[in-house]
Amino acid sequence: MRSILGQIGLTFSVMSLAAVGGANATLPEIHREVVGALHLMDDATFARLVTIAQTAPGPNVLVASAIGLHLAGLGGLCVATLAMILPSSLVALGAGRTMRHFSSSRAILVLKKSLAPIAIGLMLASGLIMARAADRGGLTIAITAGMTLVIAFTRLNPLWGIATGAILGLACGRLGLSL
Amino acid sequence: MIPASPSPRQCATIVSHRALFTAFFKIGVLGFGGVTGWVRQIVVEERGFLDDREFAELLGVAHVLPGANTVNLATMLGDRYNGASGAAAALLGLLIAPILILIAVVSLYDRFAALPDVQGALGGAAAATAGLMIGNAYKMVRAIRRDAAAILIAGAAFLAAGVLHLPLVATLATLIPASILAVAVVERRR
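Residue numbers (my numbering), protein chains in the order written: chain A, 1 to 179; chain B, 1001 to 1190.
Hint data in this document are derived by calculation from the structure and do not stem from the laboratory. Errors might be hidden in some of the hints.
To be verified - So the derived label-pair ranges between C-beta atoms look like this: (1) Leu17/A x Pro1116/B: 36 to 44 Å; (2) Ala1113/B x Ala18/A: 25 to 33 Å; (3) Leu1152/B x Leu74/A: 44 to 52 Å.
To be verified - Some chain A residues well away from chain B (every beta-carbon gap over 10 Å; in silico): (4) Leu5; (5) Gly36; (6) Ala37; (7) Leu38; (8) His39; (9) Asp42; (10) Ala44; (11) Ala47; (12) Gly58; (13) Gly121; (14) Asp135.
This structure is a prediction, so every number in the text was calculated from the model and none was measured. Ideal Cβ positions, reconstructed from N, Cα and C, are used throughout, including at glycine.
With the sequences and hints as input, model every part of the structure.
The following block contains the structure:
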């Protein structure tokens, strides 16, 4: 029987290399492994940890850190985080260096130029998906739309917009209005 | 083959370990509900590490590699300016505060998460963060607006991922060859 830390390290290193599209795209796979195959936690605990990781700031790979922390304390957190980050980062490091080494080659120039519009489209899609997830009614739609306009057409610090959103959300709750 | 010499612009941009750490620290700590919206805001607009075209290209590479996009971007950007230790500085900056906050949130979550005030504030902030993302994506669209083929590919990627919710691997497997073909054809005509 493998130790729990070893199991966490192994599971998340595999996820790290399989996570094309980031942690959110890998969530179903992590669920299948941690809840389904390994029976390390139940569905409700998994859902709660995902929500916690998304409530806290930072990249969504932290869902691995939250699962590690739940399973094996601070040691679990460290192992899960490193396992989720290191393998893919080493690949990125190698890829980045290879591309710079051949940066004058036509193939690399064409490849980079080809990937850029796809990244732009995917970023816009993530924005829409986030807006849908945050949508609880008229006010949240208005906040998203207002923030989009402020970011697109002004150079105002986005923190003002986020603080305004939080205050509006809180105030509406206090006034008994739905968001 | 001579190793790629950095372009004049890259030479002109000196980015220290400290600058990498603080930029990604800010991205990490501010990124409620995902960090992607903040990355362009800080890397392009606030710090000027990259211009819009370079950022879109690097983000494109970060997308096709395994792992989280922001983590990949931090690694490649840090390495580009300061080697492996630069990558480590950017990654540490990105992750250190969120991990400490995560530990705090885990212990506080059950007590505070159900409070209506907290729910309301988080809901409002999440809606604004979505706007941050869309606004930044709009600026990137604006940067490629004269390139009809690029707009078409970006539109297809948006439709596939945002509206039709197709699996990412299928989307990439279709769009990358299409985009390469489009770029190659346009370049040949020049």
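Tested hints:
The beta-carbon spacing between Leu17/A and Pro1116/B, approximately 42 Å, falls within the hinted interval of 36 to 44 Å. Restraint check, Ala1113/B to Ala18/A: a C-beta distance of roughly 30 Å satisfies the suggested window 25 to 33 Å. Against the hinted window of 44 to 52 Å, the Cβ-Cβ separation of Leu1152/B and Leu74/A comes to about 49 Å, which satisfies the hint. Distance check on Leu5/A: its Cβ is at least 17 Å (rounded) from any Cβ of chain B, clearing the 10 Å threshold; non-interface status holds.
In this structure Gly36/A is separated from chain B by more than 10 Å, as the shortest Cβ-Cβ distance comes to about 19 Å. Listed as a non-interface residue, Ala37/A keeps its Cβ farther than 10 Å from every Cβ of chain B; the least gap is roughly 20 Å. Non-interface call for Leu38/A relative to chain B: holds, since the shortest CB-CB distance, roughly 21 Å, exceeds 10 Å. With a least CB separation of 21 Å from chain B, His39/A remains clear of the 10 Å interface cut-off, as annotated.
No Cβ of chain B approaches the Cβ of Asp42/A within 10 Å, the least distance being about 16 Å, so the stated non-interface status holds. Distance to chain B confirms Ala44/A as a non-interface residue, since its nearest Cβ pair spans about 12 Å, more than 10 Å. No Cβ of chain B approaches the Cβ of Ala47/A within 10 Å, the least distance being about 12 Å, so the stated non-interface status holds. With a least beta-carbon separation of about 2 Å from chain B, Gly58/A fails to lie farther than 10 Å from that chain, contradicting its non-interface assignment.
Non-interface call for Gly121/A relative to chain B: violated, since the shortest CB-CB distance, roughly 3 Å, does not exceed 10 Å. With a closest Cβ-Cβ approach of about 7 Å to chain B, Asp135/A is found to fall inside the 10 Å limit, against its non-interface label.
Of the numbered hints listed earlier, those contradicted by the structure are 12, 13 and 14.
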